[in-house]
Structures are given as C-alpha cells and as structure tokens.
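Visitor: Those protein sequences? They're chains A and B, same order as listed. Quick note: the first sequence uses this note's numbering, first residue 1, plus one each step. Quick note: the second sequence uses this note's numbering, first residue 1, plus one each step.
Calculated directly from the structure, the hints in this document are not laboratory data. Don't take each hint at face value.
Beyond 10 angstroms from chain B on every Cβ pair, some chain A residues (computed) [to be verified]:
#1 N37
#2 A38
#3 A221
#4 D314
#5 R420
Pair by pair, the computed Cβ-Cβ distance ranges are [what the hints assert, rightly or not]:
#6 A:R225 - B:R41: 25 to 35 angstroms
#7 A:D266 - B:G64: 21 to 31 angstroms
#8 B:P30 - A:P85: 21 to 31 angstroms
#9 A:D382 - B:V87: 25 to 35 angstroms
#10 B:G64 - A:D378: 26 to 36 angstroms
#11 A:G431 - B:L47: 44 to 54 angstroms
#12 B:T4 - A:D383: 36 to 46 angstroms
#13 A:R5 - B:H88: 29 to 39 angstroms
#14 A:A364 - B:R41: 47 to 57 angstroms
#15 A:A201 - B:L47: 42 to 52 angstroms
#16 B:E101 - A:G200: 46 to 56 angstroms
#17 A:P416 - B:E3: 29 to 39 angstroms
#18 B:H88 - A:D402: 46 to 56 angstroms
Here the structure is a predicted model, which means the values were calculated and not measured. Built from N, CA and C at the ideal position, the CB exists for glycine as well.
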Amino acid sequence: MCEERAEVLVVGAGPAGLAAAAAACESGAEVLVVDENAAAGGQIWRAHRGAGVRPETRALLERARRARLLSGAVVFDAALPAARPHRLRALVAEGGPAERIAERVAEGSAEQSAEQIVELVAERVVVATGATELFLPFPGWTLPGVLGVGGLQAMVEGGMDVRDRRVVIAGSGPLLLAVAASLRSAGARVLGVFEQAPRGAVVGVGLTLARHPRKLAQAGALLARLASVSRSYSSWPLRAEGDGAGGGGFLRRVILRTGARDRALDCDLLACAFGLVPATRLAALLGCTIEHAVDRGARARRVVVDELQRTTIDGVLCAGEPTGIGGVDLALAEGAVAGHAAAGDLDRARAAVPRSRRERRFAAALERAFALRSELRDLPADDTVVCRCEDVTWGAIRTWRDGRQAKLETRCGMGPCQGRVCGVALEALLGWPLETPRPPLIPVPFHALADTTSETRIGPPCRPNSGATSAEARGWLEARPEGHFKAR
Amino acid sequence: MHETVTLTLDGETVTVPAGITVAAALVNRPVHRPVIRGVDRTLERTLERNADRARLAIRTSVTGAPRGPLCGMGICFECRATIDGRVHVRTCMTLCRDGMEVVSGV
Chain A
1 MCEERAEVLV VGAGPAGLAA AAAACESGAE VLVVDENAAA GGQIWRAHRG AGVRPETRAL
61 LERARRARLL SGAVVFDAAL PAARPHRLRA LVAEGGPAER IAERVAEGSA EQSAEQIVEL
121 VAERVVVATG ATELFLPFPG WTLPGVLGVG GLQAMVEGGM DVRDRRVVIA GSGPLLLAVA
181 ASLRSAGARV LGVFEQAPRG AVVGVGLTLA RHPRKLAQAG ALLARLASVS RSYSSWPLRA
241 EGDGAGGGGF LRRVILRTGA RDRALDCDLL ACAFGLVPAT RLAALLGCTI EHAVDRGARA
301 RRVVVDELQR TTIDGVLCAG EPTGIGGVDL ALAEGAVAGH AAAGDLDRAR AAVPRSRRER
361 RFAAALERAF ALRSELRDLP ADDTVVCRCE DVTWGAIRTW RDGRQAKLET RCGMGPCQGR
421 VCGVALEALL GWPLETPRPP LIPVPFHALA DTTSETRIGP PCRPNSGATS AEARGWLEAR
481 PEGHFKAR
Chain B
1 MHETVTLTLD GETVTVPAGI TVAAALVNRP VHRPVIRGVD RTLERTLERN ADRARLAIRT
61 SVTGAPRGPL CGMGICFECR ATIDGRVHVR TCMTLCRDGM EVVSGV
C-alpha cells in the first residue's frame, strides 16, 4: 500500500471537484484529486468514447495543472473520528502514484492495471461526490432494458449501440430532454418523453430562465432539436412488461399514464429516473451533519455547509450536488468557494460566494417545479422487487417500522450496492432516513485489504455510537464462521 | 483514431473499438438467432427483436431473473461480471482491454 499526501484532497473530478481543485491551486495549495472513473469530468462531462475529455473538463484541468489526479480510485474508508490530518483509503484500479495533471491533460485518463489500496492523507478534504439518479420501483422496472435516464446516457457514452432502438424516456427533471436529444444524435428512435410534473410548473421554470440568459439559450437550442419528439406532462410509467411468462423476461412494452388515460408503447429501451439525489455517503461516513428533510422527499437530503462550504467536521468541505441538487453552474460556483477556502484563502472564497447564492435560487425554483407527485408512491405492487441485489419485494419491506428493521428482517439493502438504489427509493416512498454508511463503502477484495506491506494503519477508533470501526468490522468479518453467510 | 481491442466475452472472442466499457461490449454483442427463411418481414423483425433483447441481460439475480445495467455509473452493481477471475466487477466502470476474459450471467 502506498500513501499519497496533499494539503487539499478533492474527492470527485466532476464540475465541483475540478472547480475546487483549480481554485485551491490558484490559492497556492498542493492539491490531489481522486476520482472513481477512468477519466475526469464526472457524469455530466463524461469523456465520450473516442471524443476524449470534454473542453469544459480540459479548461479546468488546465487551471489545476499543478494538482495531481488519481483516476479509477474509489474512496471506501476513512480514519474515524475524522480529524486533521484526514486519512482516507481508496481502492485504485491503476498502478503507480498519482501523476501531475499537466501530463494527463491530453488524454485525461491512464492505463489501468492491478488494483491496490492507496492511503490519502490531507489537511483538508473537499467532498465533491456528485449525485445519483432517483429510481422509483414500479412493476417491471427490473427487466433488462429498463435503465436510468442518465444511466442510458452513460451507457451510450461508454459505447453502447442504440442505433434504431425504440426508446421511451420517462421520469422527471431537465435531464429527460437533454438525454432525449443526445440519444437521437446517437441514432435511437425516441418514441416520447414523459415528465411527471405538470406542464404549467415546467413552463414556470422557463420563465425564471429569463434571468439566466445562458441557460435560456441552452434550453431553446434543446427544444429546437426535440421539435419532432412527442413530449407529455403529468405522465408517468405504470408498469413495464416483459416478453416472458407472466411479464418477465426482457422489456417489451411500457404502460404510461397521462391524466386519466393509459397507453401502451412497444419499445426496446425504457429510460426512467425521477431526478437526482445528493451522493452523501462519503460525507456521512466522515461524520458530517446531513439534513434529512424526508417530508420533502429524498431529493431534499443534503450535507450541511456554511457560506464557505465548510461542513460540521473540521477540515472537511463539501461542494456541488451533495449540498443540494443544483446543477452544473451551482456546482462550479460552490467548487470555487470550497477550493479557495480549503487552501486557506478565505478572502477569495468570500468573493466567490455571491455567484453561488444566485445559482442556489435557481436550483430552488427547479426543485419546486419538478416536485414528485404522490401517485408515484403507489406504483410498486406487493410483488415488485425493491431491493435488486437481494430480490426483496415491496410487500416484504413496507410493513416494517424503518430501514434498519427492514434490513435485519429481509436483507433489504444488504447486497453489493449497499442500499444505494433501494435505500434511496425507500427514503422517497416511506420517508425512511438513510442509515449512516459503514466502511467499506464499496465491496473491496480481501487480498487488497490484506495488503501487509502497509507502514501506516488507518487509525482506530470510532465515533461514539457509530457502530464498529473499519478495523473492528474487518476483524469481525474475518472471524465470522462460514455458516454465518446466507445459504443460497 | 480507430484503434480496437480484442477480448473474450463468455468464451467468444470479440473485437471492439478501444475506449468502450465492458458493459457496452456485452450489450453490443452480435446476436445469434436461428435463420428462418420464407417468413414475412414483420415476423422476421419480431424474431430479430426477441433475440436482440436478450443481449441486455448481464447477470442473474438471486432468484434467477435476468438483469441488465441500470445506472451506468457504478451505483447499482447490476452490470457486475467476472473479469480475469475477479468476481463482482462493475463492467460499466471498466474499460475493455486486450486479452481480457469476461464471464457474465452469474
């Protein structure tokens, strides 16, 4: 195991993370950026196969050229309680120490080789872990062919061929139209876009765009590209049907409801997601206070930060979607504040605050316009699988008191995804707050954990009442008798 | 830039454009379907679509249902497969490399 030290560690190389890295560099800090993808840019600026790193990514990488970038690195553990210097552990899919960004700007990524664990030691950490899509269960949502909206987009950018595929896009949020346009460019036949929010609310957002000329121009260009695609509002998927016995097998058609009218559309792919939710797992692991506004739905969860993006943990800052969904412009604004602040340059950080405040107001308008309708809570049937890893159904889950009890009784959320999908869905459907995650944040192979070449160990002990430390958990895992594992 | 890499997917050797993910390579696999001559075009198209849909499944769930990618970004683990002997690798986060051996369906 090797160790990487830096003054400022940025986790996530999307817009917020790269803006933070650039700002921290410009304030004179020594910066290390880690990101789990093969190339920088995050989800929104995902490097498109063949086209390489996006110009927006490249521009920020240029400004952060003194920083180091470690791609293919997933942070899975931290020394707790979190204190300076912060010690995080990442599983790295690529060999060797981080290289300077300047050497990487050309391709934005590097060869991957044998995995290893790298310990990341930094005085200050900027958590810029982005967002995930909100997937709500409905009958048939587990059929192959039903993907997320950003999910299908990411697959296409990863090289999936959708030429001549019939695609239905459903769910909620501005992403639906953006992905519709991008799928058409990739050769797909988009049969329709079905937004659950009412048309009036969405038009209302359009009006607030008048104060954001750049966004207005983007929206106009998008609508022009989609002129021939049918767009429905107050519409949502009731169920997806497969080609196998009893509706199983592979996706064949989707039934959508618009007002009192239901219609069936034969399709090859259904892209469906209900907006974005903040990715707060790392911040929660570090002990940062998370606001769980469950009455306003899963999307209202956020990492609590002050005006300079500082969380409740000393030396841990947070920027972008984890502090509340706000889109790329807000992420850039918050990243700049966080980067300067993490470098100790509070004057420049304060100067960057007004921009982030303006973007926050626009984000709040978006959130209101795309608020989730209550009918979506009634979509899952008792036999609808909610936990996709363990195949636990809605009927088996919904009667329990909370997420913890449901997990103990049904294994819901105990599979490889650790509740990233079902936990967030249950947060939205039943108002069950997400549990504080425990390390490792992703499944890590024992051979990597058992790497004994380490000279530094992740520090003991844990926050009070937060469960086992990582070291204890590992000891427990190792000591657990074989028979303890679920028999399959 | 039209480089390619060659890898095996469930024992079958395929050549794909460099830079695509293993998940994309799996769902892009050429379809093998029985050739039935003399049927009308509509039926032929239906047969093609039926065979085609199966490509989207990458793993089998604990109760035996086929599953395909959902999130495309490493969250859901639905696209996991065995790569070069390592189990439960998220194929959407892994780029194809020369000589890689991918086993899906488990």
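Visitor: Could you run down the list of hints and mark each one as holding or not?
Guide: Hints, verified against the model:
1. N37: 7 angstroms, violated
2. A38: 5 angstroms, violated
3. A221: Label holds. Min Cβ-Cβ 25 angstroms, cutoff 10 angstroms.
4. D314: 29 angstroms, holds
5. R420: Since the minimum Cβ distance to chain B is about 5 angstroms, R420 of chain A lies within 10 angstroms and the statement is violated.
6. A:R225 - B:R41: 25 to 35 angstroms: The hint (25 to 35 angstroms, Cβ to Cβ) holds, given that R225 of chain A and R41 of chain B are roughly 31 angstroms apart.
7. A:D266 - B:G64: 21 to 31 angstroms: At 26 angstroms between Cβs, range holds.
8. B:P30 - A:P85: 21 to 31 angstroms: At roughly 52 angstroms between Cβ atoms, P85 of chain A and P30 of chain B fall outside 21 to 31 angstroms, so the hint is violated.
9. A:D382 - B:V87: 25 to 35 angstroms: 32 angstroms, holds
10. B:G64 - A:D378: 26 to 36 angstroms: 28 angstroms, holds
11. A:G431 - B:L47: 44 to 54 angstroms: 47 angstroms, holds
12. B:T4 - A:D383: 36 to 46 angstroms: 44 angstroms, holds
13. A:R5 - B:H88: 29 to 39 angstroms: This hint holds: roughly 31 angstroms between Cβ atoms.
14. A:A364 - B:R41: 47 to 57 angstroms: 53 angstroms, holds
15. A:A201 - B:L47: 42 to 52 angstroms: Between A201 of chain A and L47 of chain B, where Cβ atoms are some 44 angstroms apart, the hint holds.
16. B:E101 - A:G200: 46 to 56 angstroms: 54 angstroms, holds
17. A:P416 - B:E3: 29 to 39 angstroms: 32 angstroms, holds
18. B:H88 - A:D402: 46 to 56 angstroms: 28 angstroms, violated
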